[in-house]
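Going down the list, the sequences are from chains W and Z.
Here the first sequence stands for residues 1 to 126, where the numbers follow the numbering used here.
Here the second sequence stands for residues 1 to 126, where the numbers follow the numbering used here.
I should point out that these hints are in silico values taken from the structure, not numbers from a laboratory.
Do not rely on the hints blindly, as some may be mistaken.
A pair counts as met if it fits within one copy or between any two copies, since identical chains are not told apart.
Claimed, not checked - Dumping the calculated DMTMM-like pairs for lysine to aspartate or glutamate here, alpha-carbon to alpha-carbon at most 20 angstroms:
# : residue 1 : residue 2
1 : Lys109    : Glu38
2 : Lys76     : Asp124
3 : Lys47     : Asp61
4 : Lys71     : Asp61
5 : Lys118    : Glu23
6 : Lys90     : Glu63
Just so we're clear, the structure is a prediction, and the values are computed from it rather than from any experiment.
2 protein chains.
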Amino acid sequence: MTSPSATQDRYPYQNEPIWSRSEKALARIAFDAALKRELHEVMQETKQMANQISEPVDLWDLEHYLTQRRKEIDRKYDYRYSQLTQVFGKLLYESRPGEEDLRGLREDKLKSIRSFAKFLAEMDAA
Amino acid sequence: MTSPSATQDRYPYQNEPIWSRSEKALARIAFDAALKRELHEVMQETKQMANQISEPVDLWDLEHYLTQRRKEIDRKYDYRYSQLTQVFGKLLYESRPGEEDLRGLREDKLKSIRSFAKFLAEMDAA
Chain W
1 MTSPSATQDR
11 YPYQNEPIWS
21 RSEKALARIA
31 FDAALKRELH
41 EVMQETKQMA
51 NQISEPVDLW
61 DLEHYLTQRR
71 KEIDRKYDYR
81 YSQLTQVFGK
91 LLYESRPGEE
101 DLRGLREDKL
111 KSIRSFAKFL
121 AEMDAA
Chain Z
1 MTSPSATQDR
11 YPYQNEPIWS
21 RSEKALARIA
31 FDAALKRELH
41 EVMQETKQMA
51 NQISEPVDLW
61 DLEHYLTQRR
71 KEIDRKYDYR
81 YSQLTQVFGK
91 LLYESRPGEE
101 DLRGLREDKL
111 KSIRSFAKFL
121 AEMDAA
């Protein structure tokens, strides 16, 4: 017999969705691709900002931009299964990845991810 | 009884050189020119580093470089007359400005400036 507590012992976060092996593989790919794209954007933006430097203050603007982006990316890309729904929700809200990259996740997860993206959009509009 | 602290209360900077009006004008020009040159170097180096960015780690190397340079420049360029001898000593040690930029300062100041530059060179060699 599989009791809830026995399940809980094996998996302490009972309210969190279980990620199947195929979902984990898909999540990893979507996560890595989104991170790679975002870092690529920062690289492009940095090159452009650097090219336009003409005053000392532009240097410290660039420094500030890099610090902010580094912190934001560190916070955003948290690959813990307990966080992934929110991570993908945030990414979806920012249109990275698009929903097509998440195809293959179970519908319950997609629903949570969409729901979190919607919440962020509403927060942003408020 | 005159204790060291009482002396300090009356005139805390008694061992510092007095800067004449013409020396102050000259110091300001040399100071601003050195700062401008150094910032220009950082701008050039930043553009070069940015052009060579090919991996995300290069972004954070650039951020670190900018933070370090900003802090170093903030520390170094301290335009208080109580600090100027050491400031110019450090700049001289780094060959910015050259001694020709300091021509017009009184010999006692040039001697102190050279002496501090020498001290830094010895520290560096140790």
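Hints the structure violates: just list their numbers, smallest first.
Structure breaks hints 1, 5, 6.
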